[in-house]
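Starting from the structure of chain U, add chain H where the hints point.
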Amino acid sequence: MEQLINFLSSNMGMIYILILSVFLGIEVIANVPSVLHTPLMSGANAIHGVVIIGAIIVMGQAEPDNYLALTLGFLAVILGTLNVVGGFVVTDRMLELFKKKKKQ
Amino acid sequence: MENQILQIIYLIGSLTFIIGLKRLSHPDTARRGNLIAAFGMTIAIAGTIFLYRNDSGESFSSTNIILIFVALLIGTILGVLGAKKVKMTAMPQMVSLFNGMGGACAAIISVIEYQHHFAPGQYGYMGTVLAGLLIGSISFSGSMIAFGKLNGNINDKTIPGQSIINLLLLAVLIGTGAYLTTMQEPSMLLLGILTAGCLLYGIFFVMPIGGADMPVVISLLNSFTGVAAALGGFIYHNQVMLTGGILVGSAGTILTILMCKAMNRSLLNVIIGSFGGGASGTAAIGNSAMGTIKEISVTDAAVLLSYSKKVMIVPGYGLAVAQAQHACHELENLLEEKGVEVKYAIHPVAGRMPGHMNVLLAEADVPYPKLMEMEDANNEFNSTDAVIVIGANDVVNPAAKKNPQSPIYGMPILEVEYAQNVIVMKRGMAAGYAGIENELFYEPKTRMLFGDAKATLQKLITEVKAN
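Read top to bottom, the protein sequences are chains U and H.
Reminder that position 23 of the first sequence reads as 23 in the numbering used here, one-by-one numbering, no gaps.
Reminder that position 377 of the second sequence reads as 481 in the numbering used here, one-by-one numbering, no gaps.
Simulated from the structure, these hints should not be mistaken for lab results.
Keep in mind that a hint or two might mislead.
Stated by the list, open to error - A short, non-exhaustive set of chain H residues, derived as facing chain U with CB atoms under 10 angstroms: (1) SER118; (2) LEU177; (3) ILE181; (4) ALA208; (5) VAL215; (6) PHE222; (7) GLN226; (8) PRO264; (9) GLY301; (10) VAL402; (11) LEU475; (12) LYS569.
Don't be surprised by glycine CBs; every beta carbon is placed ideally from N, CA and C.
Next up, chain U with everything else stripped away, as it sits in the complex (with noise of 0.2 angstroms):
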């Protein structure tokens, strides 16, 4: 219990931006129109790519020695690159289809 409890409180400030998020989140996708859910789910596919940092940290501080961590970390690398670039590259090519009808 007090483990959970200093737990709580030495992450206090990262629990303000987690419920200040959730309602953020709520709140700036809740006009959008059903013509952008496919484009703004693949958008948001890639912003949740954003793990990718931590694979970052996870590789950078491995140990020479540490095999396995070096292994996945170099896997999670990859994947989380897939994640970000493939999901920001799809979002653009769905969006620049409605951009190029806007010209006409």
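Relative to the frame of chain U, chain H by itself:
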């Protein structure tokens, strides 16, 4: 100093994610919004590589930095190739695939953290690590199954008592995770078992879910991965991971709920997964009792359309599969030249993702004002001479209004039966993706036009030209 700069970079990164998402929700600013978020991601990644310092102030070793860049390069090449090559019709499974990659990434981070920074007694920290593993691996295997299903590699399967097994398995997994949190010694064996169990749960979770529920599942798994990323933010005290992850987690959940609402189903119902199993059972109802179907020839269809005042096109997944969006637009242009008013009625869950039809028709240069949302379209069917249903089925099934036994009962539909004439283009008499018989096809005013959507549309175009 470096760490302070990195914090500022993370702040900018978080800001770009918020602005990016905000702009993504408006058609005029969407593309710019995506680029802004991508920019924020790039500086956050570059900043982490060069400016990250651990507690004793050390940066990454140069060997590790090189390895990171190699991995980034491999991921970028594969990601760009995959994203550029994929057809617009295969977009949903691609999103699902990329989502799975993010989930796997989060799960791997947790495994390494567990092995590397095992902290007995630090329940909050250990719980966060294990929750990241749990959610990340469920998201990974679930997304892979969703990918396989949308790609047509995997069929719906339900084992008896699936929902009970799922709930039990989930309870066991959470129990194991909680036990691991309280252990004094690290156990890689138990961690491995937990991971395997989570992967299995992800498979069980998506396996029985079929038909109309697939978009909901992808959206849900998307928000799962967001939460997994946010847990990573907790592990590393990393604000950009936290904001990015939670934004997607909450926005994804809202999107999921919006989709459930469009289908008049509760999220719990989707999660427990009773739809896929129940649908096949009810499919058999009243096949013979519905009467006979009537076909129409391409020539007759062309005449009917050419002499209509107002035509409404209802596109569905069949249009996407046949890549018929361009042919469809051509037909629309031809009819407009003849003075026919042509509009598209878009059901919110037509296709395999919300907005899927809009993306496809945008690709074929169909102008925005021609795309009508469901409520507006339903007000206009009364005054419509002819409706062409192209490869759509469940979204025009009147059983959703009339038959309380139907699994889709209560789902809002496009009420095409109020139009003067209905032409249904279909490949054959197979039931829709949800596996339900459609009595619309047996209505007196309905005529069937069998064949591949694209080929049939092209024939129709030739005939309309000749008229």
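Verification of the supplied hints:
no. : hint   : in the structure
1   : SER118 : holds (9 angstroms)
2   : LEU177 : holds (8 angstroms)
3   : ILE181 : holds (9 angstroms)
4   : ALA208 : holds (5 angstroms)
5   : VAL215 : holds (6 angstroms)
6   : PHE222 : violated (13 angstroms)
7   : GLN226 : holds (7 angstroms)
8   : PRO264 : violated (33 angstroms)
9   : GLY301 : violated (19 angstroms)
10  : VAL402 : violated (29 angstroms)
11  : LEU475 : holds (7 angstroms)
12  : LYS569 : violated (23 angstroms)
Consistency note: the structure conflicts with the earlier hints numbered 6, 8, 9, 10 and 12.
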